[in-house]
Each structure stands twice: as C-alpha cells, then as structure tokens.
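Please build the complete structure, drawing on both the sequences and the hints.
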Amino acid sequence: MSDYLWDKSGTPDPEVERLETLLEQFRYRPGSVRGPRPRFPWRVLAAAAALIVAVTVWQVFRMRSQAWTVSLVESGGGARSVRLGAGQTLVTAMGETAHMSMPRVGRLDVDPETTLRVVRSRSNEQRFELLRGTIHAHIGAPPRVFVVNTPSATATDLGCTYTLHVDPSGDGMLRVTSGLIEFDWNARRALVPTGAVAMTRAGAGPGTPFFEDAAPEFRRALATWDITGDDTLLRTVLASARPRDAVTLLNLVQTVRAAERGLVLARLAQLAPPPAGVDTNAILAGHFESLQPWWNQLGLRHHPAVRLF
Amino acid sequence: MLAEEVTLPLPEIRVTAPQPKRAPIEVDEHLVTSAQDGDRAAFSKLYESFAPMVHGILLARVPRDQVDDLMQDVFLTAMTRLRSLRDPRSFGSWIATVARNRATDFHRAPHGAALPDHLPSPRPIETEAWFVMEAIRNLPEAYRETLVLRLVEGMSGPEISERTGLTEGSVRVNLHRGMTMLREALSRRNP
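These protein sequences, in sequence, are chains A and B. Take 402 as the starting number for the first sequence in our numbering and just add one per residue. Take 47 as the starting number for the second sequence in our numbering and just add one per residue.
For the record, the hints were derived by calculation from the structure and aren't laboratory data. This structure is a prediction, so every number in the text was calculated from the model and none was measured. All C-beta atoms, glycine included, are put in the ideal place defined by N, C-alpha and C.
Label pairs and their computed distance ranges (CB to CB):
{"#": "1", "chain 1": "B", "residue 1": "S130", "chain 2": "A", "residue 2": "A448", "range": "21 to 29 Å"}
{"#": "2", "chain 1": "A", "residue 1": "A451", "chain 2": "B", "residue 2": "H153", "range": "31 to 39 Å"}
{"#": "3", "chain 1": "A", "residue 1": "Q426", "chain 2": "B", "residue 2": "V219", "range": "26 to 34 Å"}
{"#": "4", "chain 1": "A", "residue 1": "A451", "chain 2": "B", "residue 2": "R86", "range": "16 to 24 Å"}
{"#": "5", "chain 1": "B", "residue 1": "R127", "chain 2": "A", "residue 2": "E416", "range": "34 to 42 Å"}
{"#": "6", "chain 1": "B", "residue 1": "R154", "chain 2": "A", "residue 2": "R523", "range": "53 to 61 Å"}
{"#": "7", "chain 1": "B", "residue 1": "D83", "chain 2": "A", "residue 2": "A448", "range": "19 to 27 Å"}
{"#": "8", "chain 1": "A", "residue 1": "E416", "chain 2": "B", "residue 2": "R129", "range": "41 to 49 Å"}
{"#": "9", "chain 1": "B", "residue 1": "R86", "chain 2": "A", "residue 2": "S472", "range": "57 to 65 Å"}
{"#": "10", "chain 1": "B", "residue 1": "T123", "chain 2": "A", "residue 2": "R484", "range": "47 to 55 Å"}
{"#": "11", "chain 1": "A", "residue 1": "A447", "chain 2": "B", "residue 2": "R135", "range": "33 to 41 Å"}
{"#": "12", "chain 1": "B", "residue 1": "R86", "chain 2": "A", "residue 2": "V483", "range": "49 to 57 Å"}
{"#": "13", "chain 1": "A", "residue 1": "A451", "chain 2": "B", "residue 2": "P109", "range": "27 to 35 Å"}
In structure tokens:
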C-alpha cells in the first residue's frame, strides 16, 4: 500500500487523489450540521418563549378579568356597558349614573357628576381615586383590598358598605353603612364603624368619626375641635358624650395631645368599661394597639380578626 | 577523462494542501472528563473534533440526506449518556459505536417518504461522485467506513485509527482491501 493512501505522505496516488477531489463534496463542513449544543438551547429557548407567551396571555387575561364592568345609565334612560381598567377614568355627567362591578370584589354605584379613576386593578389591590362626586361601595373583598384615595384622605375598606363624597374643593365625607373603614391622611388616622360619619378637609385630613344621632353640642364641639384643637371644646365633647359615642372617644384617644390622653381615657372607661386585656398604661404611652380589644368589645360589626393597629 | 554527465530524473514533486491538524488524543481525554462534569464548552469541542468521523460513519451507511439529522441524534445521545462512559480515552470508539448503532436503527425503522415528482438533473461531476459513493456503499462494511473516512473526510490512516479505536493494522488492511475492491468496481464501469 502506498504511503499516500495510508498517511498522505510520499508521492500521491493519482487515483486516490482523483477520488479525494471527487468525493470532497460529501465531506463534513463545520456549520453544515447543527450540533447538539445549539440544538439543545433552542429547545430550552422555545420552551422559555412558550412559557413567556403563556404567562403574557395569562396576564392579559387576568388584567382583562380585573377590569371593572361598568353600566352607564344616561339621563334619557339609555344604558351602555363599558369596561374600566387600571389608568382609566370614569366621568359621569349630570343626570348620568354608573354601576360598576367586579366578581369577588364588589359593586360601586356612581352618582352623577363624579370623576373616578382606577389607579390599580389587581387581585390583591383595587385602588381608586375619587376626584369629585359620590360613590356608594358594597365591598365583599378581603380587608384592605379595596382602597379609595381622595384629595384629603384615603379610605381603606375593612369589609363594609359605605358612601364616600368629595366636593370640588377637595373636602369630603364618609358615611359607613356597615362594617368598618380606615380613613387616614398622613399621620392622622380614624376608624369609622357602622353608622358613623367622618368629615375630611383638604389639607387637614379626616376628622373624628361620630354618629349622626349624637347631641348637637357634641357634634358642634367635635367639628370645631377637629379644626382648632381647643381643649375647652374637648371637655364639651367628653361631657356631652353618650355610651354610644365611645367610638368617637376611641378615636380621640389617638389624636389628642399626650397630656389630654388620660382625660379622654377616663371618660371612655366610664362610658364603656375596658375589657380584660386592655393595658391603659400602654395606651397612655401611645401604644394604641392595646385598643384593639376595646374596639372588638364595642361590637361594631367588623371582623375581630381584622387587625386595626 | 571527463565523467559522463548524467542527468538524473528528478522525482516529481506535487504540492498538496496542508491537512488540518486534529486535536491530540490527550486533549480529548481532558475534554471528555470535563464534558462528563457538565461542561458544555468541552462537549462542544468534542463535537468539533469528532464530527467528521461521525459524519463519515453515517455517510457510509445511510442516505446522504439523512446524515445531518442522524448526526444530531448521535451527539444528543452521546451528550445524555456520556456519564456512563467509564474510560475517557475510549470516547472515539464509543461514539463511533453510537453512530453505527444509530445507522442500524435507521435501517430498521420504516421509511415511507416518497420521492418527489421532479428531480433536478444532476451535474456531471455529481453523477460520477454519486457513482463512486454508491460503489463504496456496496463494499463490505468495514471497508466502506474506512474508505469514506479516508477519501471523503480526508482523515489519514493513523487518524482513523486514533479516532475510531481500531488498530492501525485493521485500518491498513481495510484501506488496502477496500481500495482494491473499489478500483475493481470502478474499472467495471469504465473498462
């Protein structure tokens, strides 16, 4: 055997050379065949792409399912349905109302001349902004899922039905029909139970909640104290309070100056004796979580499991 | 007396293109070990190094249009079963066996693909090339594989031995006998 056929050394065999040239077209060329390494990542990438598409579709579907269904009732009696999602704003005209709903969250009835924007619409957060007008909320979502921002306070649902109004100046009013609402603005916080009302003022935040059937002097003194903080008015409030007004005093404990906290607490204890477990010294020291058993004892139809503090 | 000038015939010198150096087997051992540990880059280098051999083994056994797909199958199989290889030095013979087995499986499986209605006319050089390839395919298995690796893939006898794990003696015999049989087959076509 020639050396050329064996190891390509020596004088080339013409016949072997011819065959080499002839058959070279069948030779493996790098890149002509996809190796397993690029092929395998393609499978992974394809799977990843499919996953991304699936997640995107799911997200789109989920976002769509998180859009509120709105039925607009025009002044002439005509009605039309639209869907309202995050970032969209509903504006009702004079004489026009809207009924919004979302499964597992609840229902909103929107009065005429109301501007309501959907800030976020997720399964764990339904956040609106009420710029003006009135909404009536009937919420079945878990506590702290449904939230409404207003120019002067934020209403966080703790499981209830309520009406929220904002006038063009930014002032507002919250009236709770059932359940409990957390109404806060900056460091000021009020808990508004069933049957109670809280006013809110632009630049000042929520006022102290009260029952509308309270004594007129109680209501007048409270409204003025919310603005001035006059301790004489505070004494009027405490003196004219009924046992039912203990709810107002439970809120006042948290908003009065520290020096007046003992005064309010003493009157509160007269109207609604503290249940076992309430640490009045802790409350005096500003640890308001100790008020939770007191709230629960008043039976304000909020779920005892809801953490108020 | 002047010596008679004698002109000695010079041997004919032909320059052939330099053959690409393939990685020495020591490097392959290290690559195999790394690839067994999950190093994809190492496996990629093994692929580059052994792809011509696998290509040749398949080309000697299956239709040309099936070679590329089957090559991928062979290396995918190798990648998934590489950990079962105990001796890294035998990677070449191991993957050669994987390739031969894959070719055997290919022939066992039913193939119902029909020929297209219109086949393009082959160029003359392809006609002869295809005839030679068919002649090689009709040789005994051991000869055709060695001849394809030598004549098509351009591997030398020592390289074939190194890559496939066959002894140099076996490769020499296969090349010699295979070439003799191929010449006979070609001479029958072009007497």
